[in-house]
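Chain U: place on chain Y using the hints.
For the protein sequence lines, the chains are Y and U, in the order given.
Note that the first sequence covers residues 1 to 597 in the numbering used here.
Note that the second sequence covers residues 1 to 180 in the numbering used here.
Because the hints were derived from the structure by calculation, they are not lab data.
Please read these numbers as outputs of a predicted model, since none were measured by experiment.
It is possible that some hints are incorrect.
[To be verified] Here are the simulated DSS-like cross-link-like pairs (lysine-lysine), alpha carbons at most 25 Å apart as the crow flies:
no., chain 1, residue 1, chain 2, residue 2
1, Y, 214, Y, 348
2, Y, 348, Y, 302
3, Y, 214, U, 168
4, U, 168, Y, 302
5, Y, 532, Y, 544
6, U, 145, U, 75
Each chain is listed here by its residues.
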Amino acid sequence: MNLKDLLSPFFVWQRAFEKPYTSIRPTIDRPGAPAYRGFHINIADTCVGCGSCHEICQNHAIDMVAVEEYLGREGDSGLRPRFDYGRCCWCGLCVDICTAASLRMSNEYAWISEDPTVFHFTAGVDDKPWQDNENGYRRAEGYHLYPPKRIEMEMLPANESVSSFEEVVKGYSEEQAKKEADRCVECGICVATCPAHMDVPDYIHSIRDGNYEKGLQLMYRTNPFPATCGRICTRRCESVCPVGILGEPVAIRWLKRLIVDQVDASDYQRILADTITENGKKIAVIGAGPGGMSAAYYLRKKGYAVTVFEAQESAGGMLRYGVPSYRLPDNDLDKDIDYIVSLGVEIKYNTAIGKDIKFEQLLENYDAVFMSTGLSVPSSMRIHGEDHPRVLSGLQVLADVANGRDPGIGKKVAVIGGGNVAMDAARVSRRFDAEVTILYRRRISEMPADEEEIHESQEEGCRIVQQAIPVEIVSADSEQQVAIRWGEAEMVDDPKGGRPRPVLQEDRMHTDTYDSIISAIGQGSNLDYISKEMHEEFAIEWGKFTPGEYQHTTLEKVFVGGDFANSTADAISAIEDGHHAARGIDRYLNPAAYEEK
Amino acid sequence: MNDLMERLQRDFGVDDITVRKPALTTFRVKKDSAETLIRELRDREGYTHLNFMTCIDYIEDGIFTLVYMLHNYDKKLSLGVHVDISRENEDMVSIHTLWAQAWTYQRELREMYGINFPGSPRLEEDFCLEGWDDIPPMRREFDTKEFSEQRFGHREGRHSEEPRDHMKVELYPNRGGDEK
Chain Y
1 MNLKDLLSPF
11 FVWQRAFEKP
21 YTSIRPTIDR
31 PGAPAYRGFH
41 INIADTCVGC
51 GSCHEICQNH
61 AIDMVAVEEY
71 LGREGDSGLR
81 PRFDYGRCCW
91 CGLCVDICTA
101 ASLRMSNEYA
111 WISEDPTVFH
121 FTAGVDDKPW
131 QDNENGYRRA
141 EGYHLYPPKR
151 IEMEMLPANE
161 SVSSFEEVVK
171 GYSEEQAKKE
181 ADRCVECGIC
191 VATCPAHMDV
201 PDYIHSIRDG
211 NYEKGLQLMY
221 RTNPFPATCG
231 RICTRRCESV
241 CPVGILGEPV
251 AIRWLKRLIV
261 DQVDASDYQR
271 ILADTITENG
281 KKIAVIGAGP
291 GGMSAAYYLR
301 KKGYAVTVFE
311 AQESAGGMLR
321 YGVPSYRLPD
331 NDLDKDIDYI
341 VSLGVEIKYN
351 TAIGKDIKFE
361 QLLENYDAVF
371 MSTGLSVPSS
381 MRIHGEDHPR
391 VLSGLQVLAD
401 VANGRDPGIG
411 KKVAVIGGGN
421 VAMDAARVSR
431 RFDAEVTILY
441 RRRISEMPAD
451 EEEIHESQEE
461 GCRIVQQAIP
471 VEIVSADSEQ
481 QVAIRWGEAE
491 MVDDPKGGRP
501 RPVLQEDRMH
511 TDTYDSIISA
521 IGQGSNLDYI
531 SKEMHEEFAI
541 EWGKFTPGEY
551 QHTTLEKVFV
561 GGDFANSTAD
571 AISAIEDGHH
581 AARGIDRYLN
591 PAAYEEK
Chain U
1 MNDLMERLQR
11 DFGVDDITVR
21 KPALTTFRVK
31 KDSAETLIRE
41 LRDREGYTHL
51 NFMTCIDYIE
61 DGIFTLVYML
71 HNYDKKLSLG
81 VHVDISRENE
91 DMVSIHTLWA
101 QAWTYQRELR
111 EMYGINFPGS
121 PRLEEDFCLE
131 GWDDIPPMRR
141 EFDTKEFSEQ
151 RFGHREGRHS
161 EEPRDHMKVE
171 LYPNRGGDEK
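Just chain Y, same shape as in the assembly:
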């Protein structure tokens, strides 16, 4: 050992007084590169809690935790991602998959603590200094891990559809459906929004697996009308689908249809394997629409003897008499109904309660009654001359066509209204070769009809006149015609913050002559079959019921559901009402089974 080696440790000490090469944290800041993958930022208000970040994380670094202020927001799970920086590897997949583009990364990378348990936080909820950092990694514009556009649906071209009652929507092929199913992130947020709470991600998964039998079983858990709903459902599920935030929502309705279309009706018994153990109790169902038949199905499965009383000669209610066959072909509706009937549900057709059998008789002879007679009476336009013989109701026109009768509308028709009945009456009229004008008091964007229906009616050549208020029906020169006096409207903002109100402009009035005027501005219930005293007993207001829990009314034996007992008045809500009433009836008649053990 020489002298230099011996002294060198002491020379090192002279360095202690020089400027250090390392930087001292946190006093000297050295920012990460602009696109650095640093600490996470989540815009918690934009996030919907779909959990895709949690699913994709290969390190199990993300938990979904409840954040109370977000629960109950439509299309929001109320959960937000919580990051464990003991496991994160900063790959950024969570940012790439984020359906709402609410998640990104900052370029901040220093978080210093002597306590190793603190590196764990709910981004966008827990206060962190980097939440407002403008830099860091974010997904490149236009980059998606799944295709943002849905697989296009083939439709009958308008020039062909307008001349027949053939189904307009052709349906996906298996291959197309598989591709569309691949766009689903399986978050299940739609399940909460679906009135029937269908197992959407699961049946979509069955398409990925090509296992349609499984798909059918899953659908019947919550909905015995899948062939129908696969065609005409109002599909509120799609309006909350997180994939729809940055692109188009998954075509849930068309995927449902694909499953049903792939399974032959003759295989239903084997696949669904509904075994019935009779329990000796009898239930009367009034109305064979979606609500009544859904109740019948779930009650029958619980072993009840179910008799459905139907005033018309076929089952289906509005689905048969209100929805034209180019949207819902009869044999698809029958596929649903026939299976329910095959379980031993008895339907007494052409049997009107109040006329052929008294309501009170049902109360006497059955253990419980489920009423679901819907909204069958066209609402009045409340204008002078409305009783003119050339003024028809939209519902009547649709029922005539469903029954194979000529609705006798003539060649020039005005349709009043902006709902689905109005659109259907207009499109049906086009199929009878009439020139159709739709008069609607508000703007097209405010029409309650399905956007698709509005679009297709226009494609098929219906002319829509918006902001047009009918004022009076007057006789025309010929008895085969009728005239309508209507005025243009201006939209006036509601000072109370409601939607703008159309106000008639009396200096801009028009009179037009038509072969017929089809009124379709809404419908009400027909409850003539229950006595006045009972009306009070039921606390019916404006022809509608307000049922309690499990669709129970104030009358012990009576449960209600469907359009006259909910605010949404669509098939899927009626189906859920029927299902829920079936649960309620079973609880009422078989309480021992539900006692807390």
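Quick look at chain U alone, frame taken from chain Y:
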């Protein structure tokens, strides 16, 4: 560039020629011709620099695609040479004789994908995964999530909810599918 591509097509049967950006063209060549072609690009065409080597796992097609990125300093042009090799028989001629630094890339590719480059120096030594005892982690059959579950502990008190189940419990506990 077109002349060169035509010649490579004629002499080496390259295909899938794609102009990715003005100064970057990629093409595909058969495994057996790859080393000769790369050597020729280096010695005769001025592609004297090897930018990097990498690999893509196309597990669905049963192949790895090796990418050799070459650069010509005079013309300021890059060429990406793609070579498909079978996932079953994953070895490839070493190019460390063309560029000495290639052995480092090849050592990394062996570690990450399990590709063998016979004759490449120090090939079997650990590159950055010291003590790795699983299948090469960049092969797509490697289950990253399962690996991290097995090897790394969880922080105490962690808890996660499924969006769908959480919403059912909170919003509609008595509804939804209860049959079967």
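Taking the hints in turn, this is what the structure says about them:
{"no.": "1", "hint": "Y:214 - Y:348", "verdict": "violated (33 Å)"}
{"no.": "2", "hint": "Y:348 - Y:302", "verdict": "holds (21 Å)"}
{"no.": "3", "hint": "Y:214 - U:168", "verdict": "holds (22 Å)"}
{"no.": "4", "hint": "U:168 - Y:302", "verdict": "holds (23 Å)"}
{"no.": "5", "hint": "Y:532 - Y:544", "verdict": "holds (14 Å)"}
{"no.": "6", "hint": "U:145 - U:75", "verdict": "violated (45 Å)"}
In summary, the numbered hints that this structure violates are 1, 6.
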